[in-house]
Structures are given as structure tokens and as C-alpha cells.
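Protein chains in written order, with the working numbering: chain A, 1 to 225; chain B, 1001 to 1646; chain C, 2001 to 2253.
Calculated directly from the structure, the hints in this document are not laboratory data. For clarity, every value in this text was computed on a predicted model and none was experimentally measured. Treat the hints with care, since some could be wrong.
[Claimed, not checked] Computed cross-link-like contacts, DSSO-like style, restricted to lysine-lysine with a CA-CA straight-line distance of at most 30 Å: (1) C:K2202 to A:K85; (2) C:K2207 to B:K1181; (3) C:K2128 to B:K1059; (4) C:K2096 to B:K1367; (5) A:K85 to C:K2012; (6) A:K94 to C:K2022; (7) B:K1254 to B:K1391; (8) C:K2004 to B:K1391; (9) C:K2207 to B:K1513; (10) C:K2055 to B:K1505; (11) C:K2098 to C:K2007; (12) A:K90 to C:K2012; (13) B:K1497 to C:K2055; (14) C:K2022 to A:K90; (15) B:K1216 to C:K2198; (16) C:K2007 to B:K1550; (17) B:K1505 to C:K2008; (18) C:K2128 to A:K3; (19) C:K2004 to B:K1360; (20) C:K2198 to B:K1512; (21) B:K1059 to B:K1007; (22) B:K1550 to C:K2022; (23) C:K2004 to B:K1216; (24) B:K1547 to C:K2055; (25) B:K1181 to C:K2198; (26) C:K2055 to B:K1305; (27) A:K3 to C:K2176; (28) B:K1505 to B:K1025; (29) C:K2207 to C:K2128; (30) A:K193 to C:K2007; (31) A:K85 to C:K2022.
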Amino acid sequence: MSKFLTASIGRKFIMSISGLFLVMFLAVHLSVNLLLIFDDSGELFNIAAHFMVTNPLIRIVEPLLGLGFLVHIIWSFFLEYQNWKARPVKYNQKNPAVASTWTSRNMLVLGALVLVFLIIHIINFYWVIRFTGGVQEITINGEHMEDTYSLVAGLFKTSVIYDIIYVLGGILLGFHLSHGFWSAFHTLGLSNKQWMSRLQIIGKIYAVIIAVGFSIIPLYFLIKF
Amino acid sequence: MSILDSKIPEGPLAEKWNKHKSNIKVVSPANKRKLEVIVVGTGLGGASAAASLAELGYKVKAFCYQDSPRRAHSIAAQGGINAAKNYQNDNDSVFRLFYDTIKGGDYRAREANVYRLAEVSPNIIDQCVAQGVPFGREYGGLLDNRSFGGVLVSRTFYARGQTGQQLLLGAYQALNRQISKGNVEMYSRHEMLDVVKIDGKARGIIARDLVSGEIKRFGAHAVVVATGGYGNVFFLSTNAMGSNGSAAWQCYKKGAMMSNPCFVQIHPTCIPVHGDQQSKLTLMSESLRNDGRVWVPKKNEDAEKLRKGEIGPNDIPEDDRDFYLERRYPSYGNLVPRDVASRAAKERCDAGFGVNAEGKAVYLDFKYAIERLGKDVIKARYGNLFQMYEKITDVDPYKEPMMIYPAIHYSMGGTWVDYNLMTTVPGLYSIGEANFSDHGANRLGASALMQGLADGYFVLPYTIGDYLADEILTPKADTNALEFEEAEKAVTGRIEKLFNIKGSKPVDYFHKKLGHVMWDYVGMSRNAEGLKKAIEMIKEIREEFWKDVKIPGELNNLNPELEKAGRVADFLDIGELMAHDALDRNESCGGHFREESVTEDGEAKRDDEQFTYVSCWEFNGEGKEPVLHKEDLVFENVKLTQRSYK
Amino acid sequence: MADKILKKLNIKVWRQNNAQDKGRFETYTIENISTGSSFLEMLDILNNNLIEEGKDPIAFDHDCREGICGTCSLFINGRAHGPDTEVTTCQLHMRKFKDGETITIEPWRAAAFPVIKDLVVDRTAFEKILQAGGYISVNTGGVPDANAIPISHEDAEESMDAASCIGCGACVAACKNSSAMLFVSAKVAHLAKLPQGKVEAKSRARKMVAKMDELGFGGCTNTGACEVECPKSISITNIARLNREYLTARFSE
């Protein structure tokens, strides 16, 4: 099996599986986050966030998610290094734009930028909620919980810089997905003459939903408040 | 007669091959392992032979000058492969395929060989399908057939317009399998430069490693030459740039006779030459003549305007178009055989009706077929060919007729072989286009692929055993033997001689010059005076070549100019022999047209009284006239008739 | 339509005397080239000029010059087989270039395709991949009648689509990762689409991929550049098929 993990298709298999796992996570993450803009009181979002923090199933999945990120990131560098090695002497003149999209050729660049964003994102929220503390506490429907809504809304309302960073993060993620989504299916062999173009379209739609969905949140707070 | 024993088995035609197979010797598996066979060339013949021999257990060394066996020029064959399967229930049979091939070859091929070819043809299709050749199929899942020129049945199997490619890939895959098993040692980018004889038998070759320039010796118990034809003697042809006659020519110099070298096929539908920068001619499949109409203008002044580019073909009214094939050959029309169509095009162009700037092109017009069948039907049939034509000429054949002109395509002539495919040198075999045996004076469409694979899969693997059975006690060839040393010395000497001329003109200069002489005097139309003149002119070019050729680069490095120089040196000799042969054969038959031998209305006239023989030329030393031997052709099963397509 | 004359072209070309040589670019000028000439005919003329000037001509691979043997290569102006689609270099014509233009010619670049001389590269790696399993294991003779196994028209056509690969290596050259996946998948799909080839489909995929990895080709990241630059437009859906065959082979071990 170790041979499989380092074989070219094996490496890609790991990327696809971890990628699709992250794709699923993004869907959950976005649906929870969208509650931020549908209830200005913050109650809905806080309840959802509290549920996510306390639900035992989510607690179990959380380390898996972390592992998913780690594997996706580590394998991407490994893979890129192998691919880079396959052409020791580079071309003097290249005209790749006629044959492929910029996005598809620069998944590592996009991924790395998303990673930078991810780190900022973790420092902003996750780290504060889970480790450093200092989030105000409130009571909703008799239940005691952290006021995560205020933490998020507070940041987006006060810092234009962070709003821009989060919009950019959403867009970068969208581009990454516009290639990554169908590519993952293709690598798993779940594609053929009919399904390839279908998957490409579904992937693009998904990418737009993710990009717009995540970007709209900081923009909402920026514009409304 | 002893040196020309054709070894044709006795008995009725239909039983000869079976009888022969049961009479020839067989080598035991244990002994096969000890026997080595060299196969030079990896086209359909070479690759199929190398793979089949290795499967039988022989130790095979295979050679090709290309960087991979898959690139041999068999790959370029478009239309299809014939086989007497009778899948269409149209009364096809082994005899009918045999008869069509003999008649198509204008009665200048051996009955027994051709019959065997027809007999094994169905096995070829079975074999190829088992290997994974994706032949065209009907919607019911069974194999589809096409019809081809010169025959009345549908027996041509095809894989789109890439039949040669798919068949070669099939043989190449079989070859790869044997390479991976260690039964074949593959030497790519190696060119055979001489054959080595020990005790009168072929025991190995000298080859140049084209990358390092190293001259190497290879020993074996038998040598098979499958190196294709010599069409490039004309400089411009449909052959690949590297296709050459050198391997066959070295065999000739070592005692293998050359037969019917003047029989070359001129294909009527090639893209015409433009200007003087052209390096190679591109074939447009014969199938196009099924739906295209060939014409030139009726009026000389129209032709003149076309040549100057003042008008286009669509400006010429219907009544001013001369559909000369339909006019001259009302019954066959545009589907006359290749040789007839080629000569008719040349006749019109010589008379001043040629339509391109050089005056050497005729139109092949699809307007009428598009009107009749619709553009979609034509596109489905010929889409890839039309696209290729447009890429090369920048003219859209859906809107404007194609321009075509005849070009050298195939050599029916080649090394003389007996029924076992062995040359006049014991242990030296010649298969596929390299030998002379099956196509007579003209080859039918879709028969070259059939012959290459028949020889390689189903004939040679049997017949070579008859010879090798007597060689089981012969030890491995000692490449340190004097004969190898001398052969290597001769090869090195020749290369160094060429390299050290350091003259002033590149190889291409001489090749083009030779090509012009060949085309003008030994081309589509020949006469005694012209042929004698050609022999003299070739001698002059040869003299100049050996004084003034300039080969750059290094001896011990990849050096394409050096490779070309060696091949052109041999082409000069081959060209001269072709002229000798054409001069000897004072009759018109198939692709060979002598102006002295025509009917009253200018058609080709065969002379069966005097020329029902295979000419076999024996090398008689450098600078000396070759010696002519004759193998009489005996026809017991077909009646010789004059071909007519009127 | 009518041919024109390109008065002057600058040809910037990679020169490297042998595998060990470091190599460098050289620029030559060439005059009066007909737009009706093929790209390789232009190089023939340049070479004859070089020979007459006493210089070493440029080595490049070519043979059939009708787009089927797969010998010609050349990375021209940043693209495999140059600025036309669905053609090999030998079918590329000079009408695709402008008078006075500088044309950059490089060899295929990949660790698995080392340069032999100038623009000639060694594609033996492709041979080795096919030798690892790119065939159906049948011997000559003893096979069933060709019509014994019906194959649907569609399957035969799809198989033929994949089988039309000419092994030129443009896919590797055009891929940012120098991946040979399109080449490998074309052979795997060609054979796997046919009942005869299905028998060995899984082990074939496994062996060929293992060999491909061993020879130093990169991995596929589905950019699709290979399909666009492939002179025979071989589809990347074959790659999905190869992935499927390979993964099921590995998981059923």
C-alpha cells in the first residue's frame, strides 16, 4: 500500500479523496455561516455554532478534518515536487494559455494562498473560540453559550482590511474549486465522455456558490453596518 | 537455372501450400532456442515476422533506423487490407482474390505465390482482431468491408483512414510482448549497412548505431530483410523521408538477385508538387475516386489562365470541362486502375492542360457528389482526408476541386525470392515490399498490407524452418571471424570515403538531380532512347557525387546527412539498374509503360510472347554491367488477356 | 490562398551537440520562404544553407511527413507541434507565420526524454511503457474467426479514437508536469474497450503505470493541455478510464 500512496495515480488519489472531503466540509461550513446574514440578532448563528462545538459527532470529525487539510496540503507539495522534477530543463518560450486554463496550471499557487487565508482565518476565530478564550458569553433559550456571532460580526463590521481578505479568500477558494472539483472525480475514474463536461459544469457552479457565499458575508456586514 | 530454383511445389494450385507445409522440415523447440534470426526493418512484414519467430522460440534480433519500430512507413497506409473472407456473401473466394491480384498485376507475378497470399489472407484478419485492431464494424457488431479499385467484390477491411497504422500497431504490440519476454532484442536507430556471408550463407549484418556512429557486428543463423521499397530513388515520392533501398542493395551486392526493378507504382491521387522547396509528396486515398470526378479544361487558354491564377476552377463552365477518364474509359470511368489513371493525367498535362502554376495537376472534383449526396455524406466518408488536404494546401475541397497529380508510391520489384521467400543467398530472406513476388507489374489497392502480414505471420515462420532445420549444428556466428572483420572494414571504408570527400554540395542536391532524371526518363512513360540517356546521366551524377558531395558533422555522432549520403549513393546504383531493366523490357505492362509498345489508340500493350518472365539481375562487380537471368512465368490456372477498361 | 513569400525569418533554435553538451540557443536568418512550404521544408532549406556555409546542420526527427508516423516533434513558439491545431510539425505550414517573425524552436523537454542532439530527443521511455503491458497476449495462429466476437460499432469507434495515438510525445511536451498519462491511457483505453483486451485490462494498467512512474514522468493534474496539443485530439476521458482501471486493480489486489 505504501507504494500506492507514492505512485503517481496513488498520490492523486489521496489529493482527490482529501479534496472531496474538504469540498463536503465547505458545504456544511457555508450553510452554517450563511446564518450570519439571515438573522441580525445572531441567535440562529450562535445556536448553530454552539451545536457544532458541542455535538459529539462533530467533535469526532474535527480531528479528521484537520487531518484532511494536512494530508491535502502535504501531498500537494510532494506531488508538485515530483512533477517539477519531471522537467529539469525548462522551456525558454511557453504559450500554455491556448491549451489550458491558468487555474488548472496553478492549483498549488491558489492552494497556498488559500492556506495563508486559512491561517488568518484560524487565528481570527477558531483559535480564539477554542483556545485563547475571551469570547463573551450569552444565554439563548436558557442555554449558556459563547457569543460567536459578536466575534465574527464585530470583526467584519470594524475592519475593511479583513473584509477584503475574506472576500479574496472566498474568491481564491472558488478558483481552486473550479478546477479541483471535477478534477477530483476525474482522478477517481468517475468520469467519462458524457460525465466529464457535466462534472465540469457542476464544479463551476459549486465554485461560484462557495465564492459568492463566503464573500457575501463580510460584504453584508461592511455595507449594512 | 540452378541458381533460380523457385521451389514451387508440384500439384494443383489450391493444394500447393498445404502440401509444401507438410513436406518442409520443422525445428524442435529445444533447437529453436539455439537458433538466432536477424530481422531488418519493423514494418508490417518485419514486425510480424520478428514477433512470430520469437513466439516460436527463435532468438531474434530486430533492427530499424527509426527511433521506434512503430514508425515504419507501413503506418502511413490509409485505405485497407484485402482478405478473401466472403463476409459480404458477394461470391468472393480465395480463387477470386488470387485471380484479381494476378490480373491486376498484368500477369507478371507467380501463380503459386499469389494463390498462397490469397489463401492465408483470412487468417490475417483473424489474427489482427485477436490482437485488438479496431477494424470498422457494422451496427450489428460484425466487421464491415469496403470495395476498392479494380475488383468487383467488397473484401477490404479498414480502420478508418488509418488501416496501416492500426495493423502496424498490432504487429508492434506483438513485437513488444516478445521484447519484454527477452525473446527479441530490439535495436532502434540502427541502420544495416552490409550483410555478412560465411561459407556462402548469410550469417549476420553490419549495422551503424545512428546515435553513437559506432559500427557494430551482429551474428545469426539467418537474416531476414524487410526493409520496404526503393521509391525514394525518385527523390519525391509518397515514401517516408528515410525509406531507402540500401539494405536490399547490399544484399544484391552480396549475391541476392534483384527482380523486376523497373516495376514501380505511380499513384494517381497525390497532392501536386509546389515550387522547388518540396521535400515529399502526400497521398490522398484512392477511395476518393469513388466520388470525385477528374477533369481538366477543354480549352488551352482556360488552362493557361488557371496556371497564371487569373481564374479559378469554378469559373470554368460545365461544357468547357474535359472529364477525360470518363471520356476515354466509359465503362470504368474515374475508377480505372492506378497505372491507367496516372498515365492519363500525365497525357493531359503534357498536352498543356495542367491546372496549377507548374502545369502539373488535374482536378478531382467533389461538387457533383456533394450535389448528389449532400455535404454531410461526403464529410462522413472523407472528412479526415479533406481536412488533411486543406491543412497542406489551404484550399477547402468542399468548395473548390482538389488538385492532384501522380507520384511514385510503391515498388513491386525487389529482391528475388523463391517460394520459401529465400533469396539467391542461402539463409537470406526477403519479405514484404522488399521482395518482388506477389504484385507483378502493378499492385492492387489494399494488397500491400496483406502481403506484408502474410509473409511475416504465416509464410516465413514456416518456410524458414526448412532452412534452419539443417543449421541446428551450426554454432553461433563468430563475429570475430574474418568475414565479419572484412565486412566491417568495407563499411567503415565506405563511410570514411564519403565523409572525406568534403566537396561543395549537400546530399540533397544530388538526390534531387537523380530524381529528375528518374522521373523524366524512368518514370511514367519510358522509351529506349530516354532510358539509355538516363543510364549515362546517372553515371555522370554518380561521378560528381563521389567527387563533390559535402557531408558536415561528425562520424561518431548522430549525423542525418551522413545517413542520407549512404542511401543516395545506393539510389544512384538502384536507379541505373531500374533503367537497365526498363530498357530490357520492351513491352508495356502494369506500371511499366514503354512508348514503343502501345495499341493503336495509345493504350499499354503487353508482349506475352517475349516477356512472360521475371527479370533477375545479378551483380557483376562495381562499375560492371549487371547480368540478366530470367525466371519464366508459367500460367496454368489463368488465361492471359489484354487488360481493357474502355 | 495563393502562396506568398516570407522575405525574412529569424530562427532561434536549440543547439546541443550531444547528450552531455550543455546546449544553447542560436539564431539564424532565412530568406524567401514560400508560405506553401511546410515547416520542415523550411528547416531543410535552412540546413542546406548551413551546410553550404560550412556549419553543422540542425538535427531534428522526421520521417513520413504526412502526420502519421509520430517521429517529428519540435516545440515551436511555446507550443508542441507549433501554432496550428490537430497537426504534427510536418503538416504545419509556413502560412501560419508572419514575415520578419522570430520563431523559437526547442526540443521536447522532459526528464524522461533526454536530448540526443539539437532537437532530437530519446523517446525510448514510451517503448518501455508499452513493453510493460501495452498488448494483448496472443500468439500468431490459433485465434478464433474474426467475426466470432461481435463488438458494437460504438465500442469499436471509441477504441479506434484511442488507438489513433501516434506516440509523438506532444502530450508530455505540452503538459506542465511532463506527464505521460494521455499516452498511457490511450493504449489502455484502446485495448480495454475491446472484449479481447478486457481480460488483461487491470494488470495492464498497473504494469504500465508502474513503468511510467519509474521512468520519471510527472503526474497528471488534469489541465487538459495534452488533449488540445495532441495532433490526433485524443480525449482526456481516456485518463479517467486509466485511473478507474488502475484504482480497481490496486484495490482488488
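Hints, one by one, checked against the model:
1. C:K2202 to A:K85: Satisfied, since the Cα-Cα distance of roughly 28 Å is no more than 30 Å.
2. C:K2207 to B:K1181: holds, 14 Å
3. C:K2128 to B:K1059: holds, 20 Å
4. C:K2096 to B:K1367: Distance ~28 Å between K2096 (chain C) and K1367 (chain B) Cα, so the pair holds.
5. A:K85 to C:K2012: OK: K85 (chain A) and K2012 (chain C) at ~26 Å, within 30 Å.
6. A:K94 to C:K2022: holds, 20 Å
7. B:K1254 to B:K1391: Judged against 30 Å, a Cα distance of about 45 Å means the pair is violated.
8. C:K2004 to B:K1391: holds, 16 Å
9. C:K2207 to B:K1513: violated, 51 Å
10. C:K2055 to B:K1505: holds, 13 Å
11. C:K2098 to C:K2007: holds, 10 Å
12. A:K90 to C:K2012: holds, 16 Å
13. B:K1497 to C:K2055: Holds - the C-alpha atoms of K2055 (chain C) and K1497 (chain B) are around 20 Å apart, at most 30 Å.
14. C:K2022 to A:K90: At roughly 13 Å apart (the allowed maximum being 30 Å), K90 (chain A) and K2022 (chain C) satisfy the hint.
15. B:K1216 to C:K2198: Violated, at about 42 Å.
16. C:K2007 to B:K1550: Since the Cα atoms of K2007 (chain C) and K1550 (chain B) sit roughly 27 Å apart, the hinted pair holds (cutoff 30 Å).
17. B:K1505 to C:K2008: The hint holds at about 24 Å.
18. C:K2128 to A:K3: Measuring from Cα to Cα gives roughly 20 Å; hence the hint holds.
19. C:K2004 to B:K1360: Status holds; Cα separation ~20 Å.
20. C:K2198 to B:K1512: violated, 50 Å
21. B:K1059 to B:K1007: At roughly 27 Å apart (the allowed maximum being 30 Å), K1007 (chain B) and K1059 (chain B) satisfy the hint.
22. B:K1550 to C:K2022: OK: K1550 (chain B) and K2022 (chain C) at ~27 Å, within 30 Å.
23. C:K2004 to B:K1216: violated, 48 Å
24. B:K1547 to C:K2055: Holds - the C-alpha atoms of K2055 (chain C) and K1547 (chain B) are around 20 Å apart, at most 30 Å.
25. B:K1181 to C:K2198: Given pair K1181 (chain B), K2198 (chain C) holds - Cα atoms ~21 Å apart, limit 30 Å.
26. C:K2055 to B:K1305: violated, 43 Å
27. A:K3 to C:K2176: holds, 24 Å
28. B:K1505 to B:K1025: violated, 53 Å
29. C:K2207 to C:K2128: It holds: about 11 Å lies between the C-alpha atoms, which stays within 30 Å.
30. A:K193 to C:K2007: violated, 46 Å
31. A:K85 to C:K2022: holds, 18 Å
Checked against the numbered hints given earlier, the structure breaks hints 7, 9, 15, 20, 23, 26, 28 and 30 and satisfies all the rest.
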